[in-house]
Amino acid sequence: MDKSLKNKRIITVATTGAWPKKENNPNVPLQPEEISEEIYQCWKIGAAVAHVHVRDEEGNDSMKVETFKKVIDLLHTNHPDCDIVLNLTAAGGIANSEEDRMAPFKTLKPEMASFDCGTMNWMHMGIFNNNPDFLRTMGKAMQEAGVKPEIEVFDPGMIHDAAYYLKTGVLTAPMHFQFCMGCAGGITATMEDLVFMKQTLEKVAPGSTWSAFGVGKGAMEIMYAAIAAGGHIRVGMEDNVMYRKGELAESNMQLIARARRVIEEFGCEVATPDEARQILGLK
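Residues in the sequence shown are numbered from 1 upward in steps of one, following the working numbering.
Hints are computed from structural coordinates only; laboratory data are not their basis.
Small disclaimer: the values here were computed from a predicted structure and weren't measured.
None of the hints are false.
Mimicking PhoX-like on lysine-lysine, the simulated pairs with C-alpha atoms at most 25 Å apart in a straight line are:
hint, residue 1, residue 2
1, Lys245, Lys217
2, Lys106, Lys140
3, Lys283, Lys3
4, Lys21, Lys70
5, Lys64, Lys22
6, Lys217, Lys22
7, Lys283, Lys140
Construct the complete structure from the given sequences, taking the supplied hints into account.
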């Protein structure tokens, strides 16, 4: 990586996710018009990457290609100046079929898509199935589509799995990881566990880049710790509908603005989308 980029920190905005509803926070963007506009407004503040989920008309998780396309088309039509990196989910919720999960990135060919690197018990609700055969299929499909995987890992074992998939050609270097912390069923959102995840990554997949987020009450601890440890960060209402204890977030923009302040007060700089592309090795 260019030495001039060492002090840069990428902010990813996760505007929507699969779970939060208007009853959790009336400001969660659920429909394409809301999602595309918040992505743009977050880009203006400093988000370099947008992790995109969509919902159906009732606000439930969806993997409909047409809805993803509508978000992207609205963004580019209404805001042609916006050069944010688009990172589409390849999960949605935990009940989507394998073909439905891959259809958006195979059809729309974004720069990035999520690659959830292992099966886990999800939030005491059910099984988030990412079996080896599916991961091999999805990894090859991402290579064929020219899409860079954002390797989402919920525990240290998934980092080892990613290293195995790199050796076997399912994934390619340089790899980029998202440490997903604080989800029930996965690793907790504490500074100690973040350090362990970083040490594991450096041992088994040196040369990789990484970002982190904490769900709920762990959000701030992980944001500060990741910036201090040289990583990148993800914020947004997918992960936390609160701004602080007892106070709902007004918008994703409010969360991005705080992330920017923290990065700059720490003495680092917020990466632009083009700088993020260099850091992540995007074409």
